[in-house]
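Peer 1: Those protein sequence lines, which keep their order, are chains A and B.
In this text, residue positions in the first sequence follow the working numbering: the first is 1, and each later residue adds one.
In this text, residue positions in the second sequence follow the working numbering: the first is 1, and each later residue adds one.
If you're looking for bench data, these hints aren't it; they were derived computationally from the structure.
Check the hints yourself; a few may be wrong.
Calculated cross-link-like contacts (lysine-lysine; reagent style DSBU-like; alpha-carbon spacing at most 35 Å) [said to hold, decoys possible]:
1) A:Lys27 / A:Lys101
2) B:Lys180 / A:Lys118
3) A:Lys118 / B:Lys136
4) A:Lys99 / B:Lys180
5) A:Lys107 / A:Lys74
6) A:Lys118 / B:Lys193
7) B:Lys180 / B:Lys50
8) B:Lys51 / A:Lys99
9) B:Lys110 / B:Lys180
Take a look, some chain A residues computed to stay more than 12 Å from chain B by CB distance [said to hold, decoys possible]:
10) Gly11
11) Phe16
12) Lys27
13) Tyr39
Some chain B residues flagged as far from chain A (calculated, every beta-carbon gap over 10 Å) [said to hold, decoys possible]:
14) Arg157
15) Val163
16) Val168
For every residue, glycine included, the Cβ atom is placed at its ideal position computed from N, Cα and C.
Each chain is listed here by its residues.
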Amino acid sequence: MERTKVNLVAGFFVIFGLLALGYLSIKLGRVSFLGGGGYLVTANFPSVGGLKTGSNVEIAGVEVGRVESIGLAKDYEAQVTLRISTGVKLQDDSIASIKTKGLIGEKYIRISPGGSEKIIPANGRIREVEAPVDLEELISKYIFGKV
Amino acid sequence: MTRTVLRVAVSALAAVACFTIGPAAAGVPTDQLKGQINRVLKTLADPDLKKENRAKDRRQAVRRIAEDIFDFSETAKRSLGTHWNQRTPAEREEFVRLFSDLLERSYISKIELYNGEKIQYAGDTVDGELAVVHTKIITAQNSEIPVDYQMYRKGDRWLVYDVKIEGVSMVSNYRTQFNKIIRTSSYQELVKKMKTNQDEFRERERQQTRS
Chain A
1 MERTKVNLVA
11 GFFVIFGLLA
21 LGYLSIKLGR
31 VSFLGGGGYL
41 VTANFPSVGG
51 LKTGSNVEIA
61 GVEVGRVESI
71 GLAKDYEAQV
81 TLRISTGVKL
91 QDDSIASIKT
101 KGLIGEKYIR
111 ISPGGSEKII
121 PANGRIREVE
131 APVDLEELIS
141 KYIFGKV
Chain B
1 MTRTVLRVAV
11 SALAAVACFT
21 IGPAAAGVPT
31 DQLKGQINRV
41 LKTLADPDLK
51 KENRAKDRRQ
61 AVRRIAEDIF
71 DFSETAKRSL
81 GTHWNQRTPA
91 EREEFVRLFS
101 DLLERSYISK
111 IELYNGEKIQ
121 YAGDTVDGEL
131 AVVHTKIITA
141 QNSEIPVDYQ
151 MYRKGDRWLV
161 YDVKIEGVSM
171 VSNYRTQFNK
181 IIRTSSYQEL
191 VKKMKTNQDE
201 FRERERQQTR
211 S
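Make a model of the complete structure from these sequences and hints.
Peer 2: The following block contains the structure:
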């Protein structure tokens with residue numbers, strides 16, 4: 001009798017441990033179940049240089065979503081799909097810009113909200129975008145521009 | 001009888017022709033933009049307006065043309081972003097005026113420096129009510145500066161609401177600046193700042209014309 005009780009407690013403990021481990025890996029790995037919360041919007045950029053799946057999407061420095069996927073659209077543009085938290089409304093004149101944290105930090109998407117009455121629906125598109133400025137290209141252009 | 005049939009056929013054909021020509025003519029944002037840019041270039045090349053003391057007339061002429069192709073109120077609205085909704089109609093009107101003055105100060109006065117740079121039109125992409133016209137400015141040093149005009153359709157006209165130089169958006173730039181000023185002080189402070197700058201500019205201009 002005493003033995004069964006000990007075994008039971010040990011069993012529960014193991015199960016609890018496994019559940020905790022599962023929870024941790026989901027939380028830390030930022031795995032989203034069944035598509036996760038929020039809604040998807042897309043944005044086409046001439047170039048995404050350095051942006052990765054999982055990069056942050058921020059408004060005023062606050063994380064409001066993540067980059068779900070990056071693919072090639074027609075005309076060789078980069079099509080970025082963003083997952084935006086439910087409750088965050090984006091006006092159709094919102095601007096999505098790819099920015100760098102600090103001088104050489106990671107890339108993220110900054111959305112500056114607009115003043116339009118129209119809201120971008122789920123699976124809609126952010127039409128106003130700004131690609132990252134390629135400093136190297138800019139510098140070389142103005143140094144070597146003179147032929 | 002045959003004549004009536006013929007007449008009907010001809011008018012039907014005419015209607016079809018009108019229908020096909022109509023949207024096509026309006027659907028070419030590049031043509032409309034090009035027309036206005038050429039008008040600006042002509043104004044700048046006008047020897048009569050090139051005289052020293054006519055800089056102001058010249059700038060006003062350029063601004064008038066700019067008003068035909070730019071929608072300053074749309075640009076102002078987009079630049080103010082979320083703060084636009086909180087403004088009263090009177091405040092909006094005032095802001096649009098101050099904003100157009102700001103653009104005139106910062107861009108139209110720069111246009112005076114135009115020195116025969118070439119403008120290349122690299123096609124446009126129309127997407128529903130919005131379009132982007134890609135252009136390149138070729139400087140005397142032979143370097144290319146990409147300038148994209150974001151336009152939207154208003155009836156059968158296409159109007160510019162944003163300009164991207166080297167991929168950097170003008171609206172985005174002003175939106176960030178305005179937002180910062182409004183968040184750290186207030187909208188009233190922003191208006192005051194814009195008014196002071198405009199007054200200073202006018203004062204400088206007056207001194208220049210006098211001297």
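Peer 1: For every hint, state whether the structure bears it out.
Peer 2: Outcome of the hint check:
1. A:Lys27 / A:Lys101: holds (24 Å)
2. B:Lys180 / A:Lys118: holds (24 Å)
3. A:Lys118 / B:Lys136: Roughly 32 Å between the alpha carbons, so the hint for Lys118 of chain A and Lys136 of chain B holds.
4. A:Lys99 / B:Lys180: holds (17 Å)
5. A:Lys107 / A:Lys74: Distance ~23 Å between Lys107 of chain A and Lys74 of chain A Cα, so the pair holds.
6. A:Lys118 / B:Lys193: Roughly 30 Å separates the two Cα atoms, so the pair holds.
7. B:Lys180 / B:Lys50: violated (39 Å)
8. B:Lys51 / A:Lys99: Violated, because 45 Å separates the two Cα atoms, which is more than 35 Å.
9. B:Lys110 / B:Lys180: Since the Cα atoms of Lys110 of chain B and Lys180 of chain B sit roughly 26 Å apart, the hinted pair holds (cutoff 35 Å).
10. Gly11: holds (56 Å)
11. Phe16: Since the minimum Cβ distance to chain B is about 47 Å, Phe16 of chain A lies beyond 12 Å and the statement holds.
12. Lys27: holds (32 Å)
13. Tyr39: Per Cβ check, Tyr39 of chain A is outside 12 Å of chain B; nearest 20 Å; holds.
14. Arg157: Label holds. Min Cβ-Cβ 19 Å, cutoff 10 Å.
15. Val163: The claim holds: Val163 of chain B sits with its nearest Cβ about 12 Å from chain A, beyond 10 Å.
16. Val168: violated (6 Å)
Consistency with the previously given hints fails for numbers 7, 8 and 16, ordered from lowest to highest.
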